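Engineer: Sequence:
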Amino acid sequence: ILHEKYVCHILHQARAILKTLPNYNRIDLFTLHHIYIIGDLHGQLADLLHIFNANGLPAIDNPYIFNGDFIDRGKNSVEVILLLMVALILYPSSIFLNRGNHEDMMVAAQYGFQDEINRKYW
Numbered sequence: 084i085l086h087e088k089y090v091c092h093i094l095h096q097a098r099a100i101l102k103t104l105p106n107y108n109r110i111d112l113f114t115l116h117h118i119y120i121i122g123d124l125h126g127q128l129a130d131l132l133h134i135f136n137a138n139g140l141p142a143i144d145n146p147y148i149f150n151g152d153f154i155d156r157g158k159n160s161v162e163v164i165l166l167l168m169v170a171l172i173l174y175p176s177s178i179f180l181n182r183g184n185h186e187d188m189m190v191a192a193q194y195g196f197q198d199e200i201n202r203k204y205w
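When we follow the numbering used here, the leftmost residue of the sequence shown carries the number 84, and every step to the right adds one.
None of these hints come from the bench; they were simulated from the model. Predicted, not measured: the structure shown is a model, and the values here were computed from it. Do not take every clue at face value.
Stated by the list, open to error - Here are the simulated SDA-like cross-link-like pairs (lysine to any residue), alpha carbons at most 25 Å apart as the crow flies:
| no. | residue 1 | residue 2 |
| --- | --- | --- |
| 1 | LYS203 | ILE143 |
| 2 | LYS203 | HIS95 |
| 3 | LYS203 | GLU87 |
| 4 | LYS203 | GLY157 |
| 5 | LYS158 | ILE200 |
| 6 | LYS102 | ILE143 |
| 7 | LYS158 | ASP198 |
| 8 | LYS158 | GLY122 |
Claimed, not checked - Distance windows between CB atoms, simulated:
| no. | residue 1 | residue 2 | range |
| --- | --- | --- | --- |
| 9 | LEU132 | ASN201 | 29 to 37 Å |
| 10 | LEU101 | GLN193 | 20 to 28 Å |
| 11 | ILE110 | ALA192 | 25 to 33 Å |
| 12 | PHE113 | ALA192 | 21 to 29 Å |
| 13 | LEU140 | ASP111 | 20 to 28 Å |
| 14 | ASN150 | ILE172 | 18 to 26 Å |
Cβ coordinates follow ideal geometry from the N, Cα and C atoms, glycine included.
Please model the complete structure; the sequences and the hints are all you need to start from.
Structural biologist: Given below as structure tokens:
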């Protein structure tokens, strides 16, 4: 478990970046050789690590789109969202995060994300 002061630092930096972004992203596909589109991680940290190990970290020539449902169901939702936030901080022009229904506060509470936060940080 990452110390809460580091979690807060990551979240504050990511929030500052996210606040500058439009509600939707336009990506010029003609300039890209490829783009990875990932969906429904659902707290599966091992899957996210496997994706990065197999395909490389985000970079200008290695962009990723994550299509929501980052959290819930898996036991490492906190770590998944934090890793995605760190990736956004480090590679802001190479990672695109689209919120899914599980990133809604009510859905997250219903499917266990709030419980995971409470177990790990309260």
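Engineer: Note whether the CB distance of LEU140 and ASP111 lies within 20 to 28 Å or breaks it.
Structural biologist: Given a distance of about 21 Å, which is inside 20 to 28 Å, the answer is holds.
Engineer: Can you confirm whether the C-alpha distance between LYS203 and HIS95 stays at or below 25 Å?
Structural biologist: holds (19 Å)
Engineer: Starting from LYS203, check that the Cα of ILE143 is at most 25 Å away, please.
Structural biologist: violated (34 Å)
Engineer: Please work out if LYS158 and GLY122 have their alpha carbons no farther apart than 25 Å.
Structural biologist: Measuring from Cα to Cα gives roughly 17 Å; hence the hint holds.
Engineer: Look at the Cβ atoms of ASN150 and ILE172 and judge whether their distance stays inside 18 to 26 Å.
Structural biologist: holds (20 Å)
Engineer: Does the structure keep LYS158 and ILE200 at a Cα separation of 25 Å or less?
Structural biologist: The hint holds at about 11 Å.
Engineer: Next pair to validate is LYS203 with GLY157; report whether the Cα-Cα distance is within 25 Å.
Structural biologist: Holds: LYS203 and GLY157 sit about 14 Å apart, inside 25 Å.
Engineer: Is it true that the C-beta distance of LEU101 to GLN193 lies inside 20 to 28 Å, as the hint says?
Structural biologist: holds (23 Å)
Engineer: Does the beta carbon distance between ILE110 and ALA192 stay inside 25 to 33 Å, or does it fall outside?
Structural biologist: Taking Cβ atoms as reference, ILE110 and ALA192 lie about 32 Å apart, which means the hint holds.
Engineer: Check the hint pairing LYS158 with ASP198 against an upper bound of 25 Å on the C-alpha distance.
Structural biologist: holds (10 Å)
Engineer: Are the Cα positions of LYS102 and ILE143 separated by 25 Å at most?
Structural biologist: Holds, at about 21 Å.
Engineer: Within a Cα-Cα threshold of 25 Å, do LYS203 and GLU87 meet the stated pairing?
Structural biologist: Within the cut-off at roughly 10 Å; holds.
Going down the numbered hints, you'll see the structure goes against 1, 9 and 12, while the others check out.
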